[in-house]
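As given, the protein sequences belong to chains A and B, one line each in that order. Numbering-wise, the first sequence is residues 99 to 613 according to the working numbering. Numbering-wise, the second sequence is residues 99 to 613 according to the working numbering.
Simulated from the structure, these hints should not be mistaken for laboratory data. Errors might be hidden in some of the hints.
[Stated by the list, open to error] Some, not all, of what chain B presents toward chain A, calculated at C-beta under 10 Å:
#1 G157
#2 G553
#3 V578
Glycine residues also receive a C-beta, built at the ideal position from the N, C-alpha and C atoms.
2 protein chains.
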Amino acid sequence: MTEQQLTGSNLIGGRESANGTERIFGLDAASGVKLSGEFVVATETEIAEAVETAYRAQGSYLEVSGPDRARFLEAVADRLASSADEMVERAQAETALSAARLKGEMTRTTSQLRMFANLVAEGSWVDARIDLAGQGTPDLRRMLVPIGPTAIFGASNFPFAFSVAGGDTASALAAGCCVIVKAHPAHPGTSELAARAIVAAACSTGMPKGVFSMIHGGAKEGSLLVQQERLESVAFTGSQAAGRSLFDLAARRPRPIPVFAEMGSVNPVFILPGALSADHGSLAQGYAASLTLGVGQFCTNPGLVIGIGEAFSAFVTQVSAELSGVSAGTMLTSQIKDKYLREAARRSESVETVVAHKGEVLPALFKVSADEFVRNPSLAEELFGPSAVAVHCGSVDQLIEVAQSLHGQLTATVHASETDNLSALAPVLAKVAGRVIYNGFPTGVAVCPAMQHGGPYPATTDSRFTSVGTAAIYRFARPVAYQDWPQNLLPEELRNENSRGIWRTVNGSLTREAS
Amino acid sequence: MTEQQLTGSNLIGGRESANGTERIFGLDAASGVKLSGEFVVATETEIAEAVETAYRAQGSYLEVSGPDRARFLEAVADRLASSADEMVERAQAETALSAARLKGEMTRTTSQLRMFANLVAEGSWVDARIDLAGQGTPDLRRMLVPIGPTAIFGASNFPFAFSVAGGDTASALAAGCCVIVKAHPAHPGTSELAARAIVAAACSTGMPKGVFSMIHGGAKEGSLLVQQERLESVAFTGSQAAGRSLFDLAARRPRPIPVFAEMGSVNPVFILPGALSADHGSLAQGYAASLTLGVGQFCTNPGLVIGIGEAFSAFVTQVSAELSGVSAGTMLTSQIKDKYLREAARRSESVETVVAHKGEVLPALFKVSADEFVRNPSLAEELFGPSAVAVHCGSVDQLIEVAQSLHGQLTATVHASETDNLSALAPVLAKVAGRVIYNGFPTGVAVCPAMQHGGPYPATTDSRFTSVGTAAIYRFARPVAYQDWPQNLLPEELRNENSRGIWRTVNGSLTREAS
Chain A
99 MTEQQLTGSN LIGGRESANG TERIFGLDAA SGVKLSGEFV VATETEIAEA
149 VETAYRAQGS YLEVSGPDRA RFLEAVADRL ASSADEMVER AQAETALSAA
199 RLKGEMTRTT SQLRMFANLV AEGSWVDARI DLAGQGTPDL RRMLVPIGPT
249 AIFGASNFPF AFSVAGGDTA SALAAGCCVI VKAHPAHPGT SELAARAIVA
299 AACSTGMPKG VFSMIHGGAK EGSLLVQQER LESVAFTGSQ AAGRSLFDLA
349 ARRPRPIPVF AEMGSVNPVF ILPGALSADH GSLAQGYAAS LTLGVGQFCT
399 NPGLVIGIGE AFSAFVTQVS AELSGVSAGT MLTSQIKDKY LREAARRSES
449 VETVVAHKGE VLPALFKVSA DEFVRNPSLA EELFGPSAVA VHCGSVDQLI
499 EVAQSLHGQL TATVHASETD NLSALAPVLA KVAGRVIYNG FPTGVAVCPA
549 MQHGGPYPAT TDSRFTSVGT AAIYRFARPV AYQDWPQNLL PEELRNENSR
599 GIWRTVNGSL TREAS
Chain B
99 MTEQQLTGSN LIGGRESANG TERIFGLDAA SGVKLSGEFV VATETEIAEA
149 VETAYRAQGS YLEVSGPDRA RFLEAVADRL ASSADEMVER AQAETALSAA
199 RLKGEMTRTT SQLRMFANLV AEGSWVDARI DLAGQGTPDL RRMLVPIGPT
249 AIFGASNFPF AFSVAGGDTA SALAAGCCVI VKAHPAHPGT SELAARAIVA
299 AACSTGMPKG VFSMIHGGAK EGSLLVQQER LESVAFTGSQ AAGRSLFDLA
349 ARRPRPIPVF AEMGSVNPVF ILPGALSADH GSLAQGYAAS LTLGVGQFCT
399 NPGLVIGIGE AFSAFVTQVS AELSGVSAGT MLTSQIKDKY LREAARRSES
449 VETVVAHKGE VLPALFKVSA DEFVRNPSLA EELFGPSAVA VHCGSVDQLI
499 EVAQSLHGQL TATVHASETD NLSALAPVLA KVAGRVIYNG FPTGVAVCPA
549 MQHGGPYPAT TDSRFTSVGT AAIYRFARPV AYQDWPQNLL PEELRNENSR
599 GIWRTVNGSL TREAS
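One chain only, chain A, in its complex shape (with noise of 0.2 Å):
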């Protein structure tokens, strides 16, 4: 499929259906030029079928091996990676994003893909446990299943790594759930192509046709997507109030079903004074480039610094500097350039501004006092784009008393050197943010197990779990416990011999032994 035979139809499980008589089209976000290709927004009963086909198909989809899940998952690494050129020209013109970052951002997109086939081809993920029966008490034996069909929310900054064929789909489709994704209808025609790559997986390695399906709309379509009655679970990347308002959706179903959003945050950089007494200037440099990548379109951007005294007045000096050199940018859309500009310009009323966007898509720094800031809860809210708010502070006190009055983050950073005592932030950071790190920035998230892409509310509905790394996967599982259940009915995975090697809990003790 080249770009040129885009369909513009939604995706259900393999077939194409466009009955609807809305259309969404793919505009180059830099010129605003319609680009190929006209996408049909879903109707309700698409929406119903969509789901209803993944309902279906989940008992099938069910019995595929963890080793066959993989070869699937492999395969859509495949032909992503073989259709890669054509996918970043898309890309690039319906985001703005740069072809050296697209590029990166598929090669993640593919290999987060092939992280969750090891994964699962290995299969300890499942965290099997068996205790064996005893004196008065039964065999039991309990592992993770699919929790079932799951609406996964395409987000618009990253068009392969948080979209059709990203990191959600991806350990959705490995824990064994089949997927309906919403397209983001910023990039319509990207999203076609990822879909098609999946289907084509799906056909070829014999999967069920239901396992994947892809809607195209906007916020009423997501609305009806999460109320399907056959739908399990939600994963979505994206606003703070378009996530919350799938989270109350969610809960308010007669049935209510998890909805794990990733929602954003600040991303506090706290910058003690150890770390500027050493610094000749990187520290600026570093900070203002983590600012700006990538037009400062990450969820991981640290829109928030905070430091000590003169030292840190010199260093927001250096940051303005640093900025005051970047040139415009694109946005990804132009809601979202519109967006960006306007709340830097209201912010801009009432808060100091340093460095000023000028009407134009260039950072934007604002600098206030810890008093100033603690007052004003606005402050602490994400501005999404290239913007950071500085908070001055006139000792550590006041600069912990600042971490204290945070919100949930996805990130929380501190610059420190040896000199700096760090006890009494550190457990802070930890409370207040999902990651913290030390002497980085927090863009840049790495694909691995011990990655933790999540936080407290409101940078996640859910605390407890992650969207990156191989414990995405655990979101869209639950466990089922078989009591005396025969062998031949088990498992695989809990059957005695333990044919596929994998680590067990066996009567408390883990081991990859049989039973």
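Model the placement of chain B on the given structure of chain A, informed by the hints.
Using the frame of chain A, we list chain B on its own:
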């Protein structure tokens, strides 16, 4: 502390507090006579104080090591064991449960405290993951930390094991969370005795005072508790109406928090032809015994039994004979008794009654066809007490239809022999329930690593978790990742030397070695 010395106060961080004017009385469940003690319903201010005290203690309790938390839990178990006679006596009066049952429940309660003590003393439960720095990738280390102050609602039907010092409290304290219990008003004296055991144990093992509080109250006080800003999670065992209402309150907070509500179910038992062909009445005996155990007041009470054809009719006749021999019981409270009699009477208006309760707390058995059952969803609703609905099917296919029509369940049981083909039924049961049982009965919930006591809604509000067994601890923990974090600031579990010798996932492989 002997029963005569019950003060009736709320216990807020070890301090007595009784500012309210409303009183709760412990009633003898059999006679309705007031027992000793006047229990003071907590005021709104006291509820806020209890959570604030927990919040302030959370920082210190976080720093208490796993082994020290284990000593605290062991001390609680020791204190309970040493006042077991007195507690059983009071609980027997307040609940009308038998002394034998209560002694068993006390043993279960102290055992599960010791089980969680062992779990956190060993320490691997924190799921430590270490990805050492690589080329261009940072050093990342991730583990579970306590989610924070947790509200726990005691259940009426297990005055020890699911109440003040029960599994929820044990697992939350084990996870490192400060706990605020709302005592169940049906056994306030038993609750005070348990709370005093915890407070004394916290004191003798040097825990921060706010680690545990207990308040008295009803639905209003429970609502106030769940809405306290500093609260981080909620665990509840009880009715669907009350559980859902707490879930809704928590979801509607400005900052939503997770609620794990275990709300019971009807625990279907499927009797296949093969099981009956070899049976000589023991199945009916076993079923009737499970149904009437503890006057049917278990979450896992098997209130629905499904079978095929004439052999099943004969089985139902055997069950009704068994049930007719059961003498009248005393329920936990007069309200529960009234509700049982009222609902059973209402059911008998529209459904064929095989065994009637005759206005006393006697077993009730109803009989419907599969079609009737599927058409009338109210028949699948829990009727708390020794009451069951027998569903007559014409074929295995129809029996599977009945299974597919069910809402989420804590358990689903099948009785079969080798001549029965379970390949179609087994996956349906594992989809519907958290625990599936072969040739056994659901009452009796083993406390062990492989137990799953949970299930899809409405059995619980979050099927991803359990409230019994070692895995119950995961309700109260969230992961934090430490990126390039200095060794001396890392939690002990994540430092290179692995001084506690716990299992960790280092660069993707499980090991107990240093990193």
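Here is how each hint holds up against the structure:
| no. | hint | verdict |
| --- | --- | --- |
| 1 | G157 | holds, 6 Å |
| 2 | G553 | holds, 8 Å |
| 3 | V578 | holds, 5 Å |
Of the numbered hints stated above, none is contradicted by the structure.
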